[in-house]
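K.L.:
Protein chains in written order, with my numbering: chain X, 1 to 252; chain V, 253 to 322.
Keep in mind that a hint or two might mislead.
As the list claims (entries may be wrong) - Straight line, CA to CA, 27 Å or less: simulated DSS-like cross-link-like pairs of lysine-lysine:
(1) X/K143 / X/K195
(2) V/K262 / X/K188
(3) V/K286 / X/K88
(4) V/K279 / X/K7
(5) X/K239 / X/K88
(6) X/K143 / X/K7
(7) X/K239 / V/K286
Unchecked claim - Distance windows between CB atoms, simulated:
(8) X/L168 / V/K286: 43 to 51 Å
(9) X/L168 / V/T261: 39 to 47 Å
(10) X/E10 / V/G322: 22 to 30 Å
(11) X/E68 / V/E271: 17 to 25 Å
(12) V/N299 / X/E236: 40 to 48 Å
(13) V/K275 / X/L248: 20 to 28 Å
(14) V/D289 / X/Q191: 46 to 54 Å
(15) V/K286 / X/Y158: 22 to 30 Å
(16) V/K275 / X/A105: 45 to 53 Å
(17) X/A105 / V/E260: 31 to 39 Å
(18) V/G322 / X/T232: 17 to 25 Å
(19) V/K286 / X/K239: 37 to 45 Å
(20) V/G322 / X/G141: 37 to 45 Å
(21) V/N299 / X/E39: 24 to 32 Å
What the hints assert, rightly or not - Okay, the calculated bits of chain X under chain V, using three or more residues with CB under 8 Å as the criterion:
(22) 22-36
(23) 183-191
Source of the hints: derived by calculation from the structure; they are not laboratory data. Virtual Cβ for every residue (Gly too), placed ideally from N, Cα, C.
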Amino acid sequence: MAVQTFKIPESIREGAKFSFCPGCDHGVAVRLVAEVLDELGLTENTILAASIGCSVTIYDFLDIDAVEAPHGRALAEATGIKRARPDKCVFTYQGDGDFASIGLAESLHAALRGESITAICINNTTYGMTGGQLGPTTLLGQKTTTSPTGRNVEYYGYPIKIAEHVALCDGTAYSARVSLDTVANIRKAKQAIKKAFEIQMQGLGFTFIEILSTCPTNWKMTPQESHERVRTQMMEVFKPGVYKDITLEKTV
Amino acid sequence: MGRIVIDETKCKACYLCIEECPKKLIKKSSKTNKLGDHLVEFDDPDNQCIGCAMCATRCPDMAITEVYRG
């Protein structure tokens, strides 16, 4: 008797085809969110605030209610949705440029207010949709279209470590950084996303997941080389781990 | 003795699944997509697939739509 070990999540819209570049980890992240919504039975009870960038296309793929809030305002809008309908599961799905550059004020203040929202931030160290410009998380020395000789500290400053910043906010209940470079890490990422949604539904505070992702097109690498770069360069600077989890602190 | 189902209309030929399979049962196909990139195919003549779903977990485009074990 054959057992089905993998199927397309029910939260994925029927017939949906991802419009991401070949090898882009956005597709994995969207699928993980869909799997978590399936497992927690939240599909019919969830409202998404979409962002700007490649991440915006998530509302084409998930069979849930969604509102578009471009240019970093996703968490401001999500705050309004959550306060009007506190029974709903509300989450945002943003890129690093959207979360940490354009919308840093909205993002950090949502965390400081302790809104019961889940924010998912895809960190690929560049602005993917607009053509690979220098973003807030671009690594030192990384060449982008707007830093052709590599990011240097004197001119561009340092990259932002988002998960650590969010963890410092008192309203934050959960802050973690995960990566999608191996199957083992994909499974860990799913656990982290699930935990964040569970904490949100308990109303304990702001929950945040930073996902280290790839951008093979703008990094000018193959998908395999991109994952190698995540392992050898990105994970050195952006260390994966759980930076804050108040459910653990309570039990200690 | 497992098996996988590949949706060829979704495969974007990134070949991440080829490296991921512990039994190396996925290979490049002679078929191409509309951009001319070679798709992947499931080649398991000796029934070695264990249905671990690592290929489907890795696939960023959900082109591996179903995995069965046993």
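K.L.:
Hints first: check each against the structure and report whether it holds.
P.N.:
Evaluation of the provided hints:
With a C-alpha separation of about 35 Å, the suggested pairing of X/K143 with X/K195 is violated against the 27 Å cut-off. Taking the CA atoms of V/K262 and X/K188, the gap is near 25 Å; set against the 27 Å cutoff, the hint holds. The straight-line distance between the Cα atoms of V/K286 and X/K88 is roughly 42 Å, outside the 27 Å bound, and the hint therefore fails. Using a Cα cut-off of 27 Å, the hinted pair V/K279 and X/K7 holds, with the two alpha carbons roughly 21 Å apart.
Restraint check: the Cα-Cα separation between X/K239 and X/K88 comes to about 32 Å, which exceeds 27 Å; the hinted pair is violated. Of the supplied pair hints, the one linking X/K143 and X/K7 is violated, its CA atoms being roughly 39 Å apart against a limit of 27 Å. With a CA separation close to 39 Å, the supplied pair X/K239 and V/K286 exceeds the 27 Å bound. At roughly 49 Å, the beta-carbon separation of X/L168 and V/K286 lies within the given 43 to 51 Å, and the hint holds.
Range check, X/L168 to V/T261: about 46 Å between beta-carbon atoms, so the 39 to 47 Å window is met. Between X/E10 and V/G322 the C-beta distance comes to about 23 Å, which sits within the given range of 22 to 30 Å. Between X/E68 and V/E271 the beta carbon distance is about 36 Å. The supplied range of 17 to 25 Å is therefore violated. A hinted range of 40 to 48 Å holds for the C-beta pair V/N299 and X/E236, which are about 42 Å apart.
For the pair V/K275 and X/L248, the supplied restraint of 20 to 28 Å is violated, since their beta-carbon distance comes to about 38 Å. Checked against the hint of 46 to 54 Å, the C-beta distance between V/D289 and X/Q191 comes to roughly 34 Å, which is inconsistent with it. Remark: the range hint 22 to 30 Å for V/K286 to X/Y158 is contradicted by a beta-carbon distance near 43 Å. Taken as a hint, the range 45 to 53 Å holds for the pair V/K275 and X/A105, whose Cβ atoms sit roughly 50 Å apart.
The hint said 31 to 39 Å for the Cβ distance between X/A105 and V/E260, and at roughly 46 Å that hint is violated. Roughly 38 Å separates the CB atoms of V/G322 and X/T232, a value that falls outside the hinted 17 to 25 Å. The hinted range of 37 to 45 Å is satisfied by V/K286 and X/K239, whose Cβ atoms lie roughly 41 Å apart. Checked against the hint of 37 to 45 Å, the C-beta distance between V/G322 and X/G141 comes to roughly 49 Å, which is inconsistent with it.
Between V/N299 and X/E39 the C-beta distance comes to about 31 Å, which sits within the given range of 24 to 32 Å. Requiring three or more residues with a Cβ within less than 8 Å of a Cβ of chain V, the coverage given for the region 22-36 of chain X holds, as 8 such residues are present. Beta-carbon proximity to chain V at under 8 Å applies to 3 residues in the region 183-191 of chain X; the threshold of 3 is reached and the given coverage holds.
Hint compliance for this structure: hints 1, 3, 5, 6, 7, 11, 13, 14, 15, 17, 18 and 20 are broken, all remaining hints hold.
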